[in-house]
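Colleague: Chains C and L supply the protein sequences, listed in that same order.
The first sequence begins at 2 in the working numbering and counts up one residue at a time.
The second sequence begins at 57 in the working numbering and counts up one residue at a time.
If you're looking for bench data, these hints aren't it; they were derived computationally from the structure.
Using N, Cα and C, we set each Cβ at its ideal position, and we do this for glycine too.
Just so you know, not all the hints are guaranteed correct.
[As the list claims (entries may be wrong)] Computed beta-carbon distance windows for the label pairs: (1) C:PHE198 / L:ARG121: 18 to 26 Å; (2) C:ALA17 / L:GLN192: 34 to 42 Å; (3) C:PHE198 / L:ASN94: 56 to 64 Å; (4) L:SER113 / C:PHE97: 29 to 37 Å; (5) L:SER115 / C:LEU12: 51 to 59 Å.
[Stated by the list, open to error] Calculated from the model, a selection of chain C residues having no Cβ within reach of chain L, i.e. all distances over 10 Å: (6) GLN30; (7) VAL103; (8) ARG105; (9) ALA190; (10) LEU283.
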Amino acid sequence: MKKPANYIFPLALIFAGGLLPVFLGAYPQAVARSVFTFMALAISWDMLLRSGQISFGIAGFFGLGSYTAIILSVRAGVAPVVAMLSAAAFAALVAFLLGFLVLRLRSTYFSITTLALGEIFKVIIHNWSSFTGGPEGLVLPQVVFGGKSSSLYWLSYAILLFAVGASVLFEKSKMHFSLTAIRNNEIAARTSGINIFANLLIAFTASSLIQGLVGGVHVMSYGFAMPDTAFDANYTLLPLAMALLGGIHSTWGPIIGALLLGVISEYLKLMIPYGHLLVYGLIIILVILFMPRGIYGLIKKERSKRNG
Amino acid sequence: MARIETKSLTKQFGGLVAVKNVSFSLSSGEILGIIGPNGAGKTTFINLISGIYYPTSGSVFLDGRDISTMPAHERARRGIARTYQLIHPMESLDVLENVMIGFIFAAGKSLPEARKSAESLCAEIGLSQLHRSVSQLTMLETKKMEIAHALANGPTILFLDEVMAGLNSDETKAMIGLVQRLAKERNLAVGVVEHVMGVIRELTHRVIVLEAGELIAEGPYEEVSKNPRVIEAYLGGAA
């Protein structure tokens, strides 16, 4: 049952995360922002995964959010906060509408279609030069907070906390039951009164909203977007690897996985440029083969063993 | 008064007619046996009633209202529940959480309410140690959980698809007693698919017989079991 100790550790962690810029220099803060970005994406991916649907569309909605924010800023001159919230709203709207088509699909068909959606977004943006800047992309007149490192850190930290909050809400609410039931046995879920489509649509929209928001915040912090960078496959692959390593179907798993892989990859990037991708691939393969529940899955298993 | 009724219900899969022109009705407090050889269409029939399939032609009525194209989750919320022949419990959830699902989604309860209701339902049908993983259950416990899972919907109509299969004779007796008690206490309309004729004789008030998707006989078990057409369906033409 609920012990106060269960809240102390997460709250202390949240507090400590907020304090970091006081102690860290600009470079570690930048690394942390990158880790937070991928962590939030990993969490959002897992939220939909809990229904059994494997999306390869993370980069697609991330890029869509990036471009929404930067186009609104450059073409319409809206305030940064409006640009970032619009990024979330537009990604959610697109996911909601496309959900009526793609959520009829299951397993690999769903995965491949979400991958294709991301590519379609990219092609449209690539070719609609007059509006999107085409292959050269768009550049912001200035990034948010004038590029002040600690402010950017807190911004991306706030977005991460939003993603964590959404994920915990999914875990503690009826969504936990509906998504797990859909993943385990969709037919029995239907005859237990679960509206499969409505629940998948909520999960897909919420997950895409977070991805769009993260994209919007990312672009406002870095100041530019190009189709090749905004829709980079890494935005799909890295969160996926992080969630798998940390442990899927949980909030803690993607957090643990993103911390580990994020820090490791930052180090590897310096040691062997592009070689870090090789290491990623290796980790994914090893985890799937030997540790399908990830690190958090192992921790949970050990804990339940100890509790009898 | 008929709670659930079908009229000329037909389901075709490509060239195969799995259920053909079946008309039947089932009333509150009644336990109906649905029998027939393998492949007769019994499970398809239940799938049509619970909304897993929609009929090719013909209709399903709930309290006189045509629900032929109503989605399964809506039917669950209106009081139709069922178990499955091939049991696939939600293996990521523990026993209690499995039972909570129907309370949450079909009966529309909040999580704390659903937890309480699930606990008392499990106590009522004799399921304990509710935080076990479903893989740790015995066959009898698994079947009980299946029934609890269905009853959580708060059904007035319950279909049991081979709920006795895999049980030994003592367990079967206990299960028959449980189903009879639940049907009586809750005034349920119950449909039972079963292969063991002893169970059908003990448990049911009335039987319908399906063969190759068609309803070939209907009546009390004693009558139906003497029907030459039923005997032929079960034993083959040569007998």
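Colleague: Should the hint that ALA17 (chain C) and GLN192 (chain L) are 34 to 42 Å apart at their CB atoms be regarded as holding?
Modeller: holds, 39 Å
Colleague: Taking the CB of PHE198 (chain C) and the CB of ASN94 (chain L), does the distance hold inside 56 to 64 Å?
Modeller: violated, 33 Å
Colleague: Minimum C-beta separation from LEU283 (chain C) to chain L exceeding 10 Å: can you confirm that?
Modeller: holds, 28 Å
Colleague: Indicate whether the distance between the beta carbons of SER115 (chain L) and LEU12 (chain C) respects the range 51 to 59 Å.
Modeller: Distance hint for SER115 (chain L), LEU12 (chain C) holds at roughly 57 Å.
Colleague: Should the label of GLN30 (chain C) as a non-interface residue stand, given a Cβ cut-off of 10 Å to chain L?
Modeller: holds, 38 Å
Colleague: According to the definition I'm using, a residue is off the interface if its beta carbon is farther than 10 Å from all beta carbons of the partner; does ALA190 (chain C) meet that for chain L?
Modeller: It is violated; ALA190 (chain C) is separated from chain L by about 7 Å at its closest Cβ, not greater than 10 Å.
Colleague: Do the beta carbons of PHE198 (chain C) and ARG121 (chain L) sit within 18 to 26 Å of each other?
Modeller: holds, 23 Å
Colleague: Is it the case that VAL103 (chain C) keeps its Cβ farther than 10 Å from each residue Cβ in chain L?
Modeller: The assertion about VAL103 (chain C) holds, with a minimum of 19 Å to chain L.
Colleague: Was ARG105 (chain C) rightly flagged as not at the interface, with every chain L Cβ beyond 10 Å?
Modeller: At about 14 Å from chain L, ARG105 (chain C) clears the 10 Å cut-off, so the statement holds.
Colleague: Does the Cβ-Cβ separation between SER113 (chain L) and PHE97 (chain C) fall within 29 to 37 Å?
Modeller: holds, 35 Å
When held up to the earlier numbered hints, the structure conflicts with 3, 9 and fits the remainder.
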